[in-house]
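Since chain R is already given, all that's left is putting chain X on it; use the hints.
Just so you know, the sequences run in chain order R and X.
If you count by our numbering, then the first sequence holds residues 1 to 267, one letter each, in order.
If you count by our numbering, then the second sequence holds residues 1001 to 1489, one letter each, in order.
Among the hints, erroneous ones may be present.
[Said to hold, decoys possible] Incomplete in silico selection of chain R near chain X, CB under 10 Å:
1. L31
2. T32
3. G35
4. A57
Just so you know, these hints were derived from the structure itself, not from any lab.
Quantities reported herein were computed from a predicted structural model and do not represent experimental measurements.
Glycine residues also receive a C-beta, built at the ideal position from the N, C-alpha and C atoms.
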Amino acid sequence: MATQPIERAPLRESLAIQIRILGALLIREMLTRYGRHNIGFLWLFVEPMLFTLGVTALWTATKSVHGSDLPIVAFALTGYSSVLLWRNMPSRCIGALWANLALMYHRNIKVLDIYLARLILEFGGATISFTTLALVFITLGWLEPPQDILEIVGGWLIIAWFGSALAIWLGALSHESELVDKLWHPFSYLMFPLSGAAFLVDALPKFAQEAVLWIPIVHGVEIVREGWFGEHARAHYDLGYVLPFCLVLSFVALIQVRKTARRVVPE
Amino acid sequence: MISVRDVTKIYETRHGDKLVLENINFDLAMGERLGVLGRNGAGKSTMIRLISGAEQPTAGAVERHMSVSWPLAFGGAFQPMLTGIDNIRFISRIYDQDFDSNLAFVEDFAELGVYLKEPVRTYSSGMRARLAFAISMIIEFDCFLIDEIGAVGDARFHDRCNHELFEKRGDRAMIIISHDASYVRNHCNRWGVLHDAHLALYDDFDEAYARYSEQMGLATQSVNPVVTFKNRAALLQSLSGIALADDRFRIHAQQGDWARDKGDWSGAEQEYAAALLLHPYERTYWIQQGHVMREQGKMAGAEICYRTACALGQPLQDIRVFLEAAMEGCDGASEAQFPARGLTGDATFRQPPARPDIAVLSRLFWPNDDVPQEEEVLALMRGHPSLDELASAMVADTRFSPHGRPWFGAGSGLADSSDKGEDAVADRWLANLCFLATPDFDYADASLRRALLTEGGSVLEALMSQGGFSDWPKTQAALQGASLARVVH
Chain R
1 MATQPIERAP LRESLAIQIR ILGALLIREM LTRYGRHNIG FLWLFVEPML
51 FTLGVTALWT ATKSVHGSDL PIVAFALTGY SSVLLWRNMP SRCIGALWAN
101 LALMYHRNIK VLDIYLARLI LEFGGATISF TTLALVFITL GWLEPPQDIL
151 EIVGGWLIIA WFGSALAIWL GALSHESELV DKLWHPFSYL MFPLSGAAFL
201 VDALPKFAQE AVLWIPIVHG VEIVREGWFG EHARAHYDLG YVLPFCLVLS
251 FVALIQVRKT ARRVVPE
Chain X
1001 MISVRDVTKI YETRHGDKLV LENINFDLAM GERLGVLGRN GAGKSTMIRL
1051 ISGAEQPTAG AVERHMSVSW PLAFGGAFQP MLTGIDNIRF ISRIYDQDFD
1101 SNLAFVEDFA ELGVYLKEPV RTYSSGMRAR LAFAISMIIE FDCFLIDEIG
1151 AVGDARFHDR CNHELFEKRG DRAMIIISHD ASYVRNHCNR WGVLHDAHLA
1201 LYDDFDEAYA RYSEQMGLAT QSVNPVVTFK NRAALLQSLS GIALADDRFR
1251 IHAQQGDWAR DKGDWSGAEQ EYAAALLLHP YERTYWIQQG HVMREQGKMA
1301 GAEICYRTAC ALGQPLQDIR VFLEAAMEGC DGASEAQFPA RGLTGDATFR
1351 QPPARPDIAV LSRLFWPNDD VPQEEEVLAL MRGHPSLDEL ASAMVADTRF
1401 SPHGRPWFGA GSGLADSSDK GEDAVADRWL ANLCFLATPD FDYADASLRR
1451 ALLTEGGSVL EALMSQGGFS DWPKTQAALQ GASLARVVH
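Pulled out of the complex, with its shape left as it was, chain R reads as follows (with noise of 0.2 Å):
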């Protein structure tokens, strides 16, 4: 297709536009999520701390089995949170599309914006779940603080991208089949004991660690582990895997938000 956009604005002023259709975004998103009932926009991070904390305590009154001397709740803390980040983001931009359809008549909103606001929600909900809750218990002196606050940056934010790329490619695909939603859920659900929320990479027999180091967010998780447990997690990972592949996945990613961007049909 030959068009051209003239008088293309230059890349500070687009930048200006796109931060602001962002925050605009944003803002409506929380509004219609969590609305300005009780506690309003704190479900942003309360939801997944429940979440967090009901698993936790799950774990420890069973005593689940992970394989390793680490304590239970650090265990639970720094797995589940990282479920939730990776998880709810492509359960938030599946179907996205459809549900703003309307805003698609502006011209400065685009796809990409729709899951990019999303995204940064989600990320940000996970990520003050998960720091709040670390602060507290580590003020309850139930968990020790971190070893290295860097490194478990480092894992959260390849999560994260893992996280956003599969988001972004899912969302975009679910706008032209409606298999993607129903194949997401048992995906989903199937992922959680593979993704080393619940395990440790080197508690496992050596097969069976060869075989869930092909899932990255394996490697993300024992990233986090590592920061934050030291040489104890003994972590097992590849950045030589981890970081090409969620660039290849967000490279297909932005090729589909391209491809459902051009057929879309504003309602």
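Okay, now just chain X, sitting in the frame of chain R:
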């Protein structure tokens, strides 16, 4: 300036690709207002969305050298869960505008009061329209895209919208699509007709409208309801909706209205008559027809029209003055002498006869004679309070014949110039006949047509074998007298 260059749009559907627009080309400069006419589904809204940039063309390009609005006056720009105020805030952010002054404008224009603080999903459609329009006025675009703005709201709201658009923003460019041809005529200075994916442009409205009417005339649209109603009142309601959605009907009605507004009574009469031939059960245009006939001193005709409107459901008190004036002018009779009966929810045979019923029944019972003329029609309407009595009187008449092929040519009072031959007229007649006599019979069934086409066939017999008139007591009795009634029902 907006330049639309070779724009083509194809939608992929399950039944293959659908070409909606092909090689659309035009430029629009400041101050130019383009009105686009086209039938339902011609691609008008798609074109607007492509120009707005909300959708991408399959091929070609839209160059915008000025700021272009989103398609105005659609209700969907809102987040229904959010309040009116939050929606204003959102739009203000998106377009980098001052929220407080925007809020003040919307408060003043939309007149929603405290409802602005309520979620939009609780609004009525009129309230949504007011909010939508007010919000779209807060951003000063160079070009406004207007999609069916006249569809919602009251007259006062329309006036205020028109003032905002055409008085305050008369210097802007606009593209207006509307079903209301007058609206497009009054507010635009260029016109386009969208047909078969192509856009033809005109600088003269009459030329554009002639082309549009011609295309509508060629189009075949269904005039029959998708479901049949046993209840006449419900059926009439449905037929009226179909009439108003038929572009051919609307064109005739529209041209009738224009002629009436100019005081061209006979021109208006012709157009209304053409509209009512296509959809004889649309009562509001019978009233208009009554008015223009009365203006010409055609009092008997006017009385028929008013009685018809009444029989089709117009409350008598609305038109009593007109009816009495027509009767007074006709032969000095009064409504008390020949009461005009209105439609009830009761069985069809008890309903008062309308002008189209007489046309339909006379073709059935008197197929070998001429269609009754005005004087006789009036006498039949005055003299028979119910369809049953009318039908039984027709059967008892000497002209009654169960056999014979009715004639449907021009002058039969059933044919319209846009009809393709007598077959189209016959089909419409059969459908109307079924609505009247056997509403639970599928009028598309071939048996009636066969009877109509067979030499010596009898539509009446075919109709009765399908249960026609079976619950019309007097008609049954009369037909028995003519030894035609079915023994077993």
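Against the structure, the hints:
{"no.": "1", "hint": "L31", "result": "holds, 6 Å"}
{"no.": "2", "hint": "T32", "result": "holds, 5 Å"}
{"no.": "3", "hint": "G35", "result": "holds, 8 Å"}
{"no.": "4", "hint": "A57", "result": "violated, 33 Å"}
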